[in-house]
Amino acid sequence: MLNERDLIQGCIRKDTIAQHTLFEKYAGILMTICRRYAGDQHEAEDMLQEAFISIFSHINQFKFAGSFEGWLKRITVNAAIKILQKRKIKVTGITHDQHELISPDINIISDLNTEDLLKLINQLPDGYRIIFNLYVIEGHSHHEIADILKIKSATSRSQLSKARAILKDKIILLQKIPG
Amino acid sequence: MISDNQMDEFFKGRFRDYPSAVPEDMWERIIEKKKRDRVFWLFFFRLFAIVILSLALVGGYFIFNRKKSVSVIGMDSTKMNHVPVINDSMKARVPGLPIRKDQLKLSQINEVDKKKNQKEKPRVNYSDKFGSAKENTEENAASSKVENTSRVSSTPIEFSATKDSNVAKENKMEKGKDGLDKKAVVIATTPIIKATIPDSLQSKDSKKSETKNKSDNRKWNLDLFISPDYPIISPHNDRELSKLSYTIGIKLNRSLGKNFSIKTGIQYSQININARDSFGIIHLMRLDLPVLAGYSMGNGNLKTTINGGVDFNLYTWLHVTNLQDFFKTNTGLSLYLGVNFEDKINDRFSLFSEPYYRYQLTSMTISSVSSMKFIDIVGINIGARYYFKK
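Quick note, the sequences are listed as chains A and B, same order. Mind the numbering: the first sequence is residues 1 to 179 in my numbering, read in order. Mind the numbering: the second sequence is residues 180 to 569 in my numbering, read in order.
Since the hints were derived computationally from the structure, they do not count as laboratory data. Mixed in with the good hints there might be a few duds.
[As the list claims (entries may be wrong)] For each label pair, taking beta carbons as the anchor points, the in silico distance ranges come out as:
1) A:N107 - B:L420: 56 to 62 Å
2) B:L420 - A:L173: 54 to 60 Å
3) A:E138 - B:I405: 51 to 57 Å
4) B:L512 - A:H20: 27 to 33 Å
5) A:H42 - B:L514: 25 to 31 Å
6) B:Y425 - A:T114: 56 to 62 Å
7) A:E69 - B:E188: 27 to 33 Å
8) A:E138 - B:L466: 32 to 38 Å
9) B:M464 - A:R87: 35 to 41 Å
10) B:K214 - A:E144: 33 to 39 Å
11) A:E138 - B:G511: 45 to 51 Å
12) B:L401 - A:E4: 42 to 48 Å
[Claimed, not checked] Listed next, the in silico SDA-like pairs over lysine to any residue satisfying Cα-Cα at most 25 Å (straight line):
13) B:K213 - A:A154
14) B:K214 - A:T114
15) A:K86 - B:I210
16) A:K25 - B:Y197
17) A:K162 - B:L423
18) B:K191 - A:L117
19) A:K25 - B:D204
20) B:K191 - A:T114
21) A:K25 - B:W220
22) A:K82 - B:K552
23) B:K214 - A:H42
24) B:K213 - A:E24
25) A:K25 - B:K213
26) A:K73 - B:A200
27) A:K25 - A:A65
28) B:K191 - A:Q41
29) A:K25 - B:A200
30) B:K191 - A:R74
31) A:K170 - B:D183
32) B:K552 - A:S67
33) B:K212 - A:G10
34) B:K191 - A:L112
Predicted model, so just to flag it, every value in this text is computed and none were measured. We treat Cβ as the ideally placed atom computed from N, Cα and C, and that holds for glycine.
Bound-form chain A, shown alone (with noise of 0.2 Å):
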C-alpha cells in the first residue's frame, strides 16, 4: 500500500497506477462536493471529471505543506465554480419572496440525513447555493467570496441570508409533511 507522498510522488511522474490509486482514495468525498455545487447529478459528474483532470495536471505544484486532502478539496471547489461560471450563472438580482421569520426545531433538523440535505442545497437558486456552500461548507469570508466570485461583499451576505431563509422554510416545510 503507498503512502500519501509515494502516492502524490507517482501522480507527479504521471505514474497511472498511483493516479488511480488516488482517484479510487478521494474520488467519493469530492464527488459530495460536487453534489453541492451541482444543479444536478449529470452537472456534479461533469465537475467530478474536470477536478480530477486538474489534480493530475497540478499536482506537482503541491508542496507537501498542509493537507493534501484540503488541497484536493480546494481543487475541486475551483473547478465546480470554474463550471457553473461557465454557465454564466447569475449571483445578483435574483430575488426571493418574502419570506418567515420562523426558525426550525434542533431536533427536526437532526433527524435530517445528509442525502436530505443535499437535495435541500440543491434546490437553491445557483448563486445562493455556491455562497451557501462557500461560506458555511467552506469557510471562506465574505470578502474572499467577493473575490472569487467578482461581486460585492454586500451582496454575498443578503444572498447568504436569502439561502439561509429558504433553506429554514424547506426544513419546516419537511416537518409539516407526515412521512
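Got chain A; can you put chain B on it based on the hints?
This is chain B only, laid out in the frame that chain A set:
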C-alpha cells in the same frame, strides 16, 4: 429554535468526509478526457508549426521573385523578345509618329551617331569579332537578358554601330521620305545580341548567375550545419519546461535533375528540459540518420528548397542515470519538414538557412512507463554547402 451558527455547524459537520457514490465509468471518462486534451494540444502546436513554415515558404518565394524581376525603363520584360519597344528617343526616327519639339532632328542624331561611331570603334568591332551579328542574334535571342536589352535600346548610338552588319543587310533597310533610317525600327524589333555588351558592362548578377549554373550542374554537395532548437513536449505539462537546445550535423546531397534532390547524413541533437521538482535540467542526447527528399525552386542567387522526409533515431541517451529506465535508447522515427534558403557565394560554396519542424512519430518512453512522451523539435539549420567537382 435553531440559530444561524448552529445551522451552519450542523451542515458543515454532516458534509465533512461524507462520501458519495461515484459512477463506475468515471475513471474511464477521465482517461478519455485526458487523451482528448492531449490531442488538442498536439494539434495546436502542429498547426502553429505549419503556419510558421508556410509563412517562411511564402516569404522566401516573394524574396526570390523580387530579386528576379529587374525594373527596366521602357521595357516590358515579359514580352521583350516578341514586341518592339520604342522609347522616346526612337520615336524620333519612326515615320508617322509625332516628333516633339524638344527632340533632336534626325539629321542631328545621325551626325551624333557618326561621331560616336568613330569614337567607339571597339563597339562596332564586336559584330565582326563575334562573326555574323545575325547568327549571334538568333543564338542569343531567347536568352538575352532584360538588363542588357534595356542598356542597348536606350542608347541610340548603338544602333548605328550595326550599320554595316549583316543584320542591316538582311533586313533590307530602306530610307523613308523624311530621311528616317528605318533600320532603327527594324533593329529595335530585333532581339538585342548579348555580344554587343562588353564584359566590363555585364553586371555582377549575370556573372553570379553563370556561377550558379555551374554549381547547379554539380550533382553532389555537402552540408555542414548547426541549429538552435526548441523542444515541444507533449503531453504538455507545467512540470517540464523546454529549454534552448541544439543540433549539429552533416548531410550529403545528390541532385536528381533540375529540381529534385535526395540527402542523407548524420546529426547529433541535445534536447534540454527543465524537469522542475524532480531532476532539474535533463539533457537528452540523440543521434539521428536523416533521409530526405527536396524540391528546389528559383534560379537566381537565392534558391528555395522544400525538404521533407524521415529521421531515423540511431541512439538516444541521458546524462541522468536514474532516468535511463524512462526513455528508450532508440526512439524510432520522426517526420521532418523544412524550407531551405540558399545564397551562393561562389561556384563551390553557398550559405543556407533552413527553418524546420521535426515531428516525433513514436513515443520516446519505454512501454512500462505509463505516460507516453513525444518531443517534437522546431529549429533553424544554419550552415554552409560545398559543391563537389563534376
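Hints numbered earlier in the text: which of these fail when held up against the supplied structure? Those not satisfied are hints 5, 7, 8, 9, 12, 13, 14, 17, 21, 22 and 32.
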